[in-house]
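K.L.:
Hey, can you work out the whole structure from these sequences and the hints?
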Amino acid sequence: IPPGMNKQVYLEYKLNEIMVESQGLDLITMGRGEGPECYCYPNLILKTFIDRLAENYAYMVMDNEAGMEHLSRRTTQNIDELLLISDHSVKGVRTVARIKELVSQLKLMVKKQLVIINFAPAELDPLVTKELSRLGIDSVITIPLDEEVYEYDLRQKPLLNHISSDCLRFSCRHNQYISSLGMK
Numbered sequence: 001i002p003p004g005m006n007k008q009v010y011l012e013y014k015l016n017e018i019m020v021e022s023q024g025l026d027l028i029t030m031g032r033g034e035g036p037e038c039y040c041y042p043n044l045i046l047k048t049f050i051d052r053l054a055e056n057y058a059y060m061v062m063d064n065e066a067g068m069e070h071l072s073r074r075t076t077q078n079i080d081e082l083l084l085i086s087d088h089s090v091k092g093v094r095t096v097a098r099i100k101e102l103v104s105q106l107k108l109m110v111k112k113q114l115v116i117i118n119f120a121p122a123e124l125d126p127l128v129t130k131e132l133s134r135l136g137i138d139s140v141i142t143i144p145l146d147e148e149v150y151e152y153d154l155r156q157k158p159l160l161n162h163i164s165s166d167c168l169r170f171s172c173r174h175n176q177y178i179s180s181l182g183m184k
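Position one of the sequence shown corresponds to residue 1 (the working numbering), numbered consecutively onward.
A couple of the hints might just be wrong.
Simulated pairs of lysine to any residue, SDA-like, Cα-Cα distance not exceeding 25 Å [what the hints assert, rightly or not]: (1) K130 / E148; (2) K14 / F49; (3) K112 / E148; (4) K14 / L53; (5) K91 / D153; (6) K91 / L114; (7) K107 / G92.
Okay, the calculated beta carbon distance ranges per label pair [claimed, not checked]: (8) I1 / L102: 32 to 40 Å; (9) A122 / K91: 18 to 26 Å; (10) Q113 / I28: 33 to 41 Å; (11) L44 / R155: 36 to 44 Å; (12) V61 / L102: 13 to 21 Å; (13) D26 / K130: 36 to 44 Å; (14) M19 / S72: 19 to 27 Å; (15) R155 / R94: 39 to 47 Å; (16) P2 / T129: 53 to 61 Å; (17) E148 / M5: 44 to 52 Å; (18) G24 / Q156: 27 to 35 Å; (19) Q105 / E151: 36 to 44 Å; (20) Q156 / N6: 32 to 40 Å.
If you are wondering where the hints come from, they were derived from the structure by calculation, not from laboratory data.
Note that the structure is a prediction, hence the values are computed from the model and not measured.
Glycine included, C-beta positions come from ideal geometry on N, C-alpha and C.
P.N.:
Next up, the structure:
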């Protein structure tokens with residue numbers, strides 16, 4: 001830590017430094033801590049930083065990458081819309097149900113929750129539909145399987161500047177949720 005800076009100021013400086021800014025989108029990529037140590041202090045700083053950032057953006061998206069650590073560590077408290085995204089699998093749907101349960105147990109303030117099945121075929125598999133019903137998840141949005149998007153994902157290529165897929169564009173334009181946000 002440089003002289004004249006306390007730990008909190010230094011960490012906030014470093015968090016600002018790792019933000020990647022681009023036209024229409026700013027990004028902070030965060031890893032997850034592992035091990036038995038207490039994360040109380042870093043989580044407090046992260047929560048403060050996120051709260052401060054949220055004041056400057058119309059939308060803030062946090063991608064938990066199939067993990068629940070940001071929710072369970074309470075780095076986010078007031079959530080306008082929680083998008084619970086699953087692949088087209090029973091295991092993915094069960095993970096969504098666990099996240100919904102965690103949100104309830106932690107009494108997080110969530111105005112709206114949406115379940116999205118990504119890479120979905122034209123019709124959901126009966127096993128997935130049965131599991132959704134068993135878990136009490138009755139309303140889902142589907143994003144169809146798209147070969148071009150699948151190939152980009154497989155090769156770990158970013159989609160931001162290369163969306164040429166007619167299927168993806170059609171889905172985005174006609175998806176009721178995305179349309180309600182004013183995205184085109």
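K.L.:
With reference to the structure, classify each hint as holding or not holding.
P.N.:
Results for each hint:
{"no.": "1", "hint": "K130 / E148", "verdict": "violated (29 Å)"}
{"no.": "2", "hint": "K14 / F49", "verdict": "holds (11 Å)"}
{"no.": "3", "hint": "K112 / E148", "verdict": "violated (31 Å)"}
{"no.": "4", "hint": "K14 / L53", "verdict": "holds (14 Å)"}
{"no.": "5", "hint": "K91 / D153", "verdict": "holds (20 Å)"}
{"no.": "6", "hint": "K91 / L114", "verdict": "holds (18 Å)"}
{"no.": "7", "hint": "K107 / G92", "verdict": "holds (23 Å)"}
{"no.": "8", "hint": "I1 / L102: 32 to 40 Å", "verdict": "holds (35 Å)"}
{"no.": "9", "hint": "A122 / K91: 18 to 26 Å", "verdict": "holds (21 Å)"}
{"no.": "10", "hint": "Q113 / I28: 33 to 41 Å", "verdict": "violated (23 Å)"}
{"no.": "11", "hint": "L44 / R155: 36 to 44 Å", "verdict": "holds (38 Å)"}
{"no.": "12", "hint": "V61 / L102: 13 to 21 Å", "verdict": "holds (19 Å)"}
{"no.": "13", "hint": "D26 / K130: 36 to 44 Å", "verdict": "holds (41 Å)"}
{"no.": "14", "hint": "M19 / S72: 19 to 27 Å", "verdict": "holds (24 Å)"}
{"no.": "15", "hint": "R155 / R94: 39 to 47 Å", "verdict": "violated (28 Å)"}
{"no.": "16", "hint": "P2 / T129: 53 to 61 Å", "verdict": "holds (57 Å)"}
{"no.": "17", "hint": "E148 / M5: 44 to 52 Å", "verdict": "holds (47 Å)"}
{"no.": "18", "hint": "G24 / Q156: 27 to 35 Å", "verdict": "violated (22 Å)"}
{"no.": "19", "hint": "Q105 / E151: 36 to 44 Å", "verdict": "holds (39 Å)"}
{"no.": "20", "hint": "Q156 / N6: 32 to 40 Å", "verdict": "holds (38 Å)"}
Comparing the model with each earlier hint shows violations of hints 1, 3, 10, 15 and 18; every other hint is respected.
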